[in-house]
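Chemist: Each chain is listed here by its residues.
Protein chains: 2
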Amino acid sequence: MSNRLPGIREVIKEKKLDALLVSSPENRRYLSGFTGSAGYLFITQQDAVLATDFRYVEQAGRQAPDYRVLRISSGLDWFTGLLEETKVKDLGFEADHMTVASHQRLTQKLKETPINGNTVNMAPLSGVADDLRTFKDPEELKLLQRAIDIADHAMDIVVPTLEPGVTEAEVAWRLEKSMREQGAEGPSFDTIVGSGPNGALPHHRAGERRLQRGEPIVIDMGAKYQGYCSDLTRTVIIGPPDDTFRKVYDFVLGAQLTATALVKPGVTGADCDGYARKVIEEAGYGETFGHSLGHGVGLAVHEYPGVGPTSQGILKQGMVFTIEPGIYISGWGGVRIEDIVLLEANGAKTLSKAKKIGKMGA
Amino acid sequence: MSNRLPGIREVIKEKKLDALLVSSPENRRYLSGFTGSAGYLFITQQDAVLATDFRYVEQAGRQAPDYRVLRISSGLDWFTGLLEETKVKDLGFEADHMTVASHQRLTQKLKETPINGNTVNMAPLSGVADDLRTFKDPEELKLLQRAIDIADHAMDIVVPTLEPGVTEAEVAWRLEKSMREQGAEGPSFDTIVGSGPNGALPHHRAGERRLQRGEPIVIDMGAKYQGYCSDLTRTVIIGPPDDTFRKVYDFVLGAQLTATALVKPGVTGADCDGYARKVIEEAGYGETFGHSLGHGVGLAVHEYPGVGPTSQGILKQGMVFTIEPGIYISGWGGVRIEDIVLLEANGAKTLSKAKKIGKMGA
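Note that the protein sequences, when read in sequence, are chains X and G.
Counting from 1 along the first sequence, just add 168 to a position and that's the residue number in my numbering.
Counting from 1 along the second sequence, just add 168 to a position and that's the residue number in my numbering.
Keep in mind that the hints are not guaranteed to be accurate.
If chains are identical, the list can't say which one is meant, so a pair holds when it fits in one copy or spans any two.
Stated by the list, open to error - Below, computed lysine to any residue pairings styled on SDA-like, alpha-carbon distance capped at 25 Å:
(1) K310 <-> D358
(2) K279 <-> T267
(3) K523 <-> V326
(4) K277 <-> A291
(5) K446 <-> R223
(6) K277 <-> P477
(7) K310 <-> T329
(8) K310 <-> E338
(9) K310 <-> E376
(10) K521 <-> S498
(11) K446 <-> S242
Bear in mind the hints are in silico, worked out from the structure with no lab data behind them.
Use the sequences and the hints to build the structure in full.
Modeler: Here you go:
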């Protein structure tokens, strides 16, 4: 893994802090390479410490060569000890990850322990390492592409096996089995298979309902590969589609292709969302498209950048995000089509390759 | 699902609060039945509200009949609206779940919005619904037993298939496949298969290392069934065990059986931990048993009660927890044996039924 310390140290300097305490699993992994489930990174301009408990000390040493591994036990002496040793006064922490209880314990410990006679200030930060993560380097793109290819292939081999009578849960299982057999660590989130009316519930999972001819089936799934997540949605129908499906499918696909064609570095997430939303609004289905157009994807299945109606952040070259418009009709079902794109200098490059067939059989 | 509002309302009264805001997924599910991934419960003596976004409104109505479903959009007007409507002044929240950033947003909104001319006090709470969850009712025990049986059966059918050359990852996949085919939603955590020296890393997952004859193999896995988690560890060896394995296995099994036999309602988690630890210490391996003896298990794979050296809480009838001593020898490997027990009036009843064979083949 490339050394990501220079990048985060730049941010620490910009924020006029002495150090950053990282507690979220994805940022911990991104900045250090350590994949364990517990531990803190403590990063200053001179020092980089990975504090974790006995379970992970050996693994941390192997995975995070740029860090000094500190074994911690219960209690917070390691925390005040590090502050004393490094003479840190202004310490940033991840406010979107640290719980109120953890924060209370740390501040209480600071009150009880005089450190070089100094007061340590804990500064809540949002989206610090998360912003760095929006830009994927070549090494990340390779892993991400593998996660995408695995999901794409699973979709392409499982969709032709669908037939009336198969349950949603069985479809989900076929997809997950295929992803695992291709080397995925597992699904990147609970697989969604929404058949008929269930497709109108954007976060329906996969239940005991059986597939029927002529009904839309929304399949939203992804693979996790070496920590990287893919996210893919296709909507298919068994047998001849009704007029609603024909119409709705084409509007959604049109909206997706439009946003993909128009998005360029320099526009906001809201602009990109708007390209697709306008197509769906003009088709008369604006009210039914109740979610954001997309989201960043990487070590987390949902991460920065935001790509929704209120996303004011600028989309830049090197960012990776989903484009997934949908139309949902209560009682009938839904259509959603989702690909992952990489924003390049001239526009979006679609990384997903699963077939967009819409209908199958006859 | 049984109505769990009376129990939590009792706690709200004891804590002298007007209302409780529940944000953690397990407590939300436990108290309401709602399985969606986002939403808050807002519970007073008279009212019970489930506030969630458009994705889950339909599902929430079906799953949580004891609650009034409130559709929320971006912004926090729903929060101040509810406070105004219910005249709540003292509001408890889950300090171990709510992030510093969420808490800041809520308190900022309270500052900006005058509510009946009152000041609302947000009181950080720890382990409120979590304490209720330690006692499993018959309905929960049924689901938990099913989760346990699924993992037990997977272990019993996969262990005899192990042979030299098979990778740890392949073993994990066989176990997970078996659990899914038996109706599990998935594994309750990332399956651990630690062969040879990897077994000395208590939280090693399952990698590309191939099983070898004569090496200990630690397998720690569980199933999730209708939200309930099981957790099971067995240590096996292919072919004839060496002297270290023979000795270490028997110490660990002895420690486990001792703690299971001695634990009674009324002792602390630390007492229970001590029963097993003493056996391992007297065998001369005390230093190598670096983790807690066990932990509660239910909707979360790790929950209350604590069963470790510093767990001062009393173990009571109706609680369910793991008993999982281990001995880890760097460079050689590890032995851990884990069962789930239910504490009954007279002592612990072991709910796990997977075979404890230790060695296989010859």
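Chemist: Evaluate K279 and T267 at a C-alpha cut-off of 25 Å and name the case that applies: within, between, both or neither.
Modeler: both (18 Å within a copy, 21 Å between copies)
Chemist: With identical chains, the pair K277 and P477 could be close in the same copy or across copies; at 25 Å between alpha carbons, which is it: within, between, both, or neither?
Modeler: between (42 Å within a copy, 22 Å between copies)
Chemist: How do K277 and A291 come out at 25 Å by Cα distance, when the copy is not named: within, between, both, or neither?
Modeler: both (16 Å within a copy, 20 Å between copies)
Chemist: Are the CA atoms of K523 and V326 at most 25 Å apart within a copy, between copies, both, or neither?
Modeler: within (12 Å within a copy, 36 Å between copies)
Chemist: Which holds for K446 with S242 at a C-alpha limit of 25 Å: within a copy, between copies, both or neither?
Modeler: Answer is between; shortest inter-copy Cα gap is 21 Å, intra-copy 55 Å.
Chemist: Up to 25 Å between alpha-carbons, please classify K521 paired with S498: within, between, both or neither.
Modeler: neither (30 Å within a copy, 45 Å between copies)
Chemist: When Cα atoms must be at most 25 Å apart, do K310 and E338 count as within-copy, between-copy, both, or neither?
Modeler: Intra 31 Å, inter 24 Å, cutoff 25 Å: inter-copy only.
Chemist: Pop the pair K310 and D358 into one bin, within, between, both or neither, using alpha-carbon distances up to 25 Å.
Modeler: both (24 Å within a copy, 24 Å between copies)
Chemist: Which holds for K310 with E376 at a C-alpha limit of 25 Å: within a copy, between copies, both or neither?
Modeler: For K310 and E376, only the inter-copy Cα distance (20 Å) is at most 25 Å; the intra-copy one is 36 Å.
Chemist: I want to check one pair: K446 and R223. Are their C-alpha atoms no more than 25 Å apart within a copy, between two copies, both, or neither?
Modeler: between (52 Å within a copy, 21 Å between copies)
Chemist: For K310 vs T329, is the C-alpha pair at or below 25 Å within one copy, between two copies, both, or neither?
Modeler: neither (29 Å within a copy, 35 Å between copies)
The structure fails to meet hints 7 and 10 from the earlier list, while all remaining hints are met.
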